[in-house]
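S.K.: Listed here are the chains, written in short residue letters.
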Amino acid sequence: EAGVTQFPSHSVIEKGQTVTLRCDPISGHDNLYWYRRVMGKEIKFLLHFVKESKQDESGMPNNRFLAERTGGTYSTLKVQPAELEDSGVYFCASSNRDRASSYEQYFGPGTRLTVT
Amino acid sequence: EDQVTQSPEALRLQEGESSSLNCSYTVSGLRGLFWYRQDPGKGPEFLFTLYSAGEEKEKERLKATLTKKESFLHITAPKPEDSATYLCAVSRGSARQLTFGSGTQLTVLP
Chain A
1 EAGVTQFPSH SVIEKGQTVT LRCDPISGHD NLYWYRRVMG KEIKFLLHFV
51 KESKQDESGM PNNRFLAERT GGTYSTLKVQ PAELEDSGVY FCASSNRDRA
101 SSYEQYFGPG TRLTVT
Chain B
117 EDQVTQSPEA LRLQEGESSS LNCSYTVSGL RGLFWYRQDP GKGPEFLFTL
167 YSAGEEKEKE RLKATLTKKE SFLHITAPKP EDSATYLCAV SRGSARQLTF
217 GSGTQLTVLP
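Going down the list, the sequences are from chains A and B. Sequential numbering from 1 applies to the first sequence in our numbering. Sequential numbering from 117 applies to the second sequence in our numbering.
None of these hints come from the bench; they were simulated from the model. Here the structure is a predicted model, which means the values were calculated and not measured. Any given hint might turn out to be false.
Claimed, not checked - Below 27 Å or equal to it, Euclidean Cα-Cα: the simulated DSSO-like pairs (lysine-lysine) are:
| hint | chain 1 | residue 1 | chain 2 | residue 2 |
| --- | --- | --- | --- | --- |
| 1 | B | Lys173 | A | Lys44 |
| 2 | B | Lys184 | A | Lys15 |
| 3 | B | Lys185 | A | Lys41 |
| 4 | B | Lys195 | A | Lys44 |
| 5 | B | Lys195 | B | Lys173 |
| 6 | B | Lys158 | A | Lys51 |
| 7 | B | Lys158 | A | Lys78 |
| 8 | A | Lys54 | A | Lys41 |
| 9 | B | Lys158 | B | Lys184 |
| 10 | A | Lys41 | B | Lys184 |
| 11 | A | Lys44 | A | Lys54 |
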């Protein structure tokens, strides 16, 4: 079974530019999550999708961040315009719909975003 | 606000030298406590979920335990390949978001 995949693995952009990160969850997983870790800090929650619906977006830092999950499959996270403080590693995770194990989240390798 | 504190920040062990990592948590209505392993440049790898005080889980040289205030990850006779950062996280109530600690960086020397 393929794990969570993320693209790109690394992105370097200038302040003010736009970047779009992509996440493909484990096949069949209805729950999809975005997290990020900025330098020296803990991994922080951004938002949670159930299928194509945003279940919880309480961790989104501001309106420069837009997440979508069209069709309930892959998800994109767009940062527009990017600021220096957006630099960090963005992780995607997914969990399945089965109630017993739906809290167990499986993470992708992350996208390292560097804003210069 | 949920809080997760891990100690020590870093731990160096000789191969075969058993030890424990600590995760203290403050959360209202704990739903689950999770242990992950993270290797450099990779995403967190799921290890265990613990749901209630007194619960224990084991996997190879690792054993996780849970009380009402903390969790321990016991490493028995570690090998160099166990070197990694070990992360603890909690979820609360019906919310699925995880709150992470800062991790313990474990180095096992041959």
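S.K.: Holds or violated: Lys44/A with Lys54/A, Cα cutoff 27 Å?
M.R.: 17 Å, holds
S.K.: Assess, step by step, whether the Cα of Lys158/B is no farther than 27 Å from the Cα of Lys51/A, and give holds or violated.
M.R.: 25 Å, holds
S.K.: Would you check the hint for Lys158/B and Lys184/B, treating anything up to 27 Å between C-alpha atoms as holding?
M.R.: Status violated; Cα separation ~31 Å.
S.K.: Holds or violated: are the alpha carbons of Lys185/B and Lys41/A at most 27 Å from each other?
M.R.: 23 Å, holds
S.K.: Can you confirm whether the C-alpha distance between Lys54/A and Lys41/A stays at or below 27 Å?
M.R.: Status holds; Cα separation ~25 Å.
S.K.: Is the hinted pair Lys173/B and Lys44/A satisfied, with a Cα-Cα distance of at most 27 Å?
M.R.: 26 Å, holds
S.K.: For the pair we were handed, Lys41/A and Lys184/B, check the Cα-Cα distance against 27 Å.
M.R.: 26 Å, holds
S.K.: Need the status of pair Lys195/B, Lys173/B: alpha-carbon distance at most 27 Å?
M.R.: The given pair, whose Cα atoms are some 19 Å apart, holds under the 27 Å limit.
S.K.: Please verify whether Lys184/B and Lys15/A have alpha carbons no more than 27 Å apart.
M.R.: 45 Å, violated
S.K.: Hint check: Lys158/B vs Lys78/A, CA-CA at most 27 Å. Holds or violated?
M.R.: Cα-Cα ~22 Å, so holds.
S.K.: Within a Cα-Cα threshold of 27 Å, do Lys195/B and Lys44/A meet the stated pairing?
M.R.: 30 Å, violated
Comparing the model with each numbered hint stated earlier shows that hints 2, 4 and 9 do not hold.
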